[in-house]
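Could you build the full structure based on these sequences and the hints that come with them?
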Amino acid sequence: MLLRLTGVVFDGIAYGSLLFLISIGLSVTLGLMNFVNLAHGAFAMLGGYLCVTLMERAGLPFLATLPLAFVGLALLGALLERTLYRRLYGAGALDQVLFSIGLTLVAVAATTFQFGSGQQPVRLPEFLRGQVQILGLGLGRYRLFLVLLVVALTVALQLLVDRTRFGAQVRAAVDNRAAAAGLGIDVDRVFTLTFALGAGLAGLGGALGIDVLGLDPTFAVKYLVYFLLVVTVGGAGSFRGPALAALGLGVLDVAGKYYVPQLGAFVIYAAMVVLLTLFPAGLQGRRA
Amino acid sequence: MSSSRTRPVNEPEPAPEPGFLGRWLAHALAPPRRVHRLPDNRWRPLEVAFWIAPILWTLVLPSYRLLASQVFITGLFALSLDLILGYAGIVSLGHAAFFGAGAYTAGLLAAHGWGEPLSGLAAAGAAAGVLAWLSGFLVVRSSGLGRLMVTLGIGLLCYEFANRAASVTGGVDGLTGVAMRPLLGRFEFDLMGSTACAYSLVVLFAAFVLVRRLSASPLGLSLRAVRDNPGRAGALGAPVQRRLRAIFTLSGVLAGVAGGLLAQTTQFVGLDFLSFPRSADLLVMVVLGGVGRLYGALVGATLFMVAQDRLSGMDPMYWQLWLGLILVGTVLFARGGVLGGLDVVARLILRRRSR
Amino acid sequence: MKRMLLAAGLCLAAASGRAEDTIKVGLIAPFSGPFADYGKEMQTGIKAYQKVHGDKVAGKRIEVIVRDTTGPVPEVARRLAQELVVRDHVDFLAGFGLTPEALAVADVATQSKKPMIIMNAATSIITTKSPYIARVSMTLPQIATPLGTWAAKNGIGTVFTMVSDYGPGIDAETAFKKSFTAAGGQVVDSVRVPLKNPDFSPFLQRIKDAKPQAVFVFVPAGEQGIAFMKGFQERGLKDAGIKVIATGDLTDENVLDAMGDVALGMITAFHYSTAHDSPENKTFLEAAEGVGTGVHRPNFMAVAAYDGMAAIARVVQQLHGKVDGDGAMKALEGWKWQSPRGPVEIDPATRDIDQTVYLRRVEKRGDHLDNVEFDKFPDVKDPGKS
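Protein chains in written order, with the working numbering: chain S, 1 to 288; chain D, 1 to 355; chain W, 1 to 386.
By construction, these hints were calculated from the structure, which means they are not laboratory data. Model, not experiment: these values are computed from the prediction. Just so it is clear, CB atoms sit at the ideal spot from N, CA and C, and this is done for glycine as well. Hints may be right or wrong, so weigh each one.
[Said to hold, decoys possible] Chain S side only, calculated, beta carbon under 8 Å to chain W, not exhaustive: (1) A64; (2) S117; (3) G140; (4) V212; (5) D216; (6) P261.
If you want it as structure tokens, here you go:
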């Protein structure tokens, strides 16, 4: 019984860590630039498609495509931020929502055109397939890999934010943009770099998620709700909030489906509405 | 250039002076600085002309009456969204919940024997209004992205609920057996859609008159104040939360009436009446037409529906691509939507004439 | 001047004459959006039929007018049907990829007295919604019921059912459970999965823990099926000896190759497989080649459309070109013919289709996967109505 519960919890953690990886960028964008970027799902999707293209066309092994997905999306993010997003920082929520929806539609149309509307297959390396037996419990190897990778990345990000100068600049800009600018921090460059970082992480998450979440042109919209959920419930502008929210969401979703499958998707949406009513700024929200 | 002025070391470089094109664009795209007239509620000639068009459509194009009735219904739905978007500043991604609530109410009444259209429509509006009033408490309390997510959550919850209650609602297959009795005892809902068309147009017009009257009333003005600056409006003594809830409820009622109309005129209710794409498309329609202008919602709905109908043969990928590009373009360059753009053109023409 | 009038008169006569000689069929189906393949498959079947039999019946030309519903938006389907009747004066309404579309249009058929030929929508109640509806595709209970009987009689004693939580899924579950338990089987547990389900892991875990001999699955065709099968293998359920039994939607030919080797050994029940060995099927598959609709392989929807055209041709022939609802239904009732899938009949009592349901296993044939038939249940009526 306990073993079963552990297994379910582990699955939930794996699912949640994937959501967290993709949602970090959204949290930072919202917390730092106060920008509602609904195109974030599209970034993740494009990362996935980049990974697939590299695997099929360039024949690269799966693991090699991951850093390339990160870099590719980071560059795209930086480009979009400089040219388009920058103009809308002061605009209202409606404009930002519509703008990002528009971008998402364009991304979906472009991927449909290029790849067709079907599911994209991914070939995982042999050592990541199947299960590994730990203490009598069968854990999926790929999921284990996911969790470990996300933990490593989170530690690295936390170090980046806490120990580097860039991280200090980001934290300053989140707390008080005007003061940070007044102190000589190039806020524009901070914005571009953080946006790029967030987009890159989303792309990486999208590539990692192909096996778990699937990949087709509707990915950008399908999972957007979950990413938004993680960020709004967790609170924008921090790591810990979305991490808690993502893990909680993952475990709640998986455990709910295992123990009470009749409730289905109800649980998540109801939980979201309840949590948002109780914590309007999210569990640990800080905004610029 | 003010390069001779000495500047402190840390002050950033001043932005370069805009060239000729830049200045002209800024001038043309600047919000109108017209004299604010107190709303006097007189119907301007352009408005009268606007309303003659659908009447003409109904009479002159009989084989397009079905399309017309669906355009009118969507127009009413868009109007209800503009009420909260343009006048209260609430961005909602779940408005289809109220549309669907009204549709299922009207549909279920008719499917279980009560096929009288007008009372069914009233019931639809009432049911949606109750739902809106209840969810209004949640929506109005939050703000920004949180509020967006709450509206989205409410929409999704309603969809799931209707799917679960499939034994009552018909679930994914839809609710059939919606048998309507003749409108006003005389007008059968015919295959040509003539009754449907006239019915929807009349209801739309009535709702529009109501909303127009409201927007010019003290309530409407106070709502505009709330939209522009909630803090100040509250400081001036306007009961902000209560007003917002009131307008949210009214918006829900209108959306429910639109849903009831669609259920009655098509004699069918599907789960997609509550779906997220319906809410999202609605938001796009209102913004494309021009937010906060009431007519913008109607224009946006008409353009969107007619374009979709005409272009339905085209590969949907192109529809999505163009829609996405137009959205991005609208937000970046043409914030006022179609009507805003027409405003700009009109002013340019007037300015040239007055020279 | 006189020559011009003569020419004009001839043109007019020719035009009106042509209008008299054309039978118009309105094809209403999704051609865009998530269900775009449905419409395309139907078009493949129609074009294949016209390639083999030409487009003239009883001296009249059959013209197919195509309208796109863009997905499960029934009010659009209804409007399109009304417009086809009122504006284009069609003689037949055909197609209907999804149940809501068919249900919404039923009224239009009744009011306008036009025959309606269902080429895909699979819910039992559809044919009861109008006296002018005939179906040439299948119903889910028709497929799931023989599967339950076969499973119980062939060594599968315990089954775990997992279906998507929507109309067709629930229909399939109900039909399967009924026939399975009636034949002596035991349903260990039943789970309904949310329709837009991103992750099957909790459900797969539940299945593994329940240790049934087989799992009965119904999910929307396409990605969900693939995701399920992948997870099934990854979690070791296949190695634990649990069989997968399902309706043939899961192993649709278009999806089978994308599923890959995880699908090998799956047992499904369905009314059509491209691997069916008959001369009619051979003709059909050859004709469906290169019609340019962009489908990967023709599947059961294409066959249904092919047979739908045969039904339309039959009606036109019997009524000598003067088509009306009552006459059309009379012409179809009790009609038997050899379809590419096997022998079929339009049931005289219900206007639904009676056909053979085959049991198939997924095997590798050459360089692709096929559903190979190994058993059959002939003359299966739709149990939803009998």
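Evaluated hints:
1. A64: violated (22 Å)
2. S117: Where the cut-off is 8 Å and the nearest Cβ of chain W is about 7 Å from S117(S), the hint holds.
3. G140: Holds, about 6 Å.
4. V212: Holds. Min distance 7 Å.
5. D216: At 6 Å from the nearest chain W Cβ, D216(S) passes the 8 Å test, so the hint holds.
6. P261: holds (5 Å)
Checked against the numbered hints given earlier, the structure breaks only hint 1 and satisfies all the rest.
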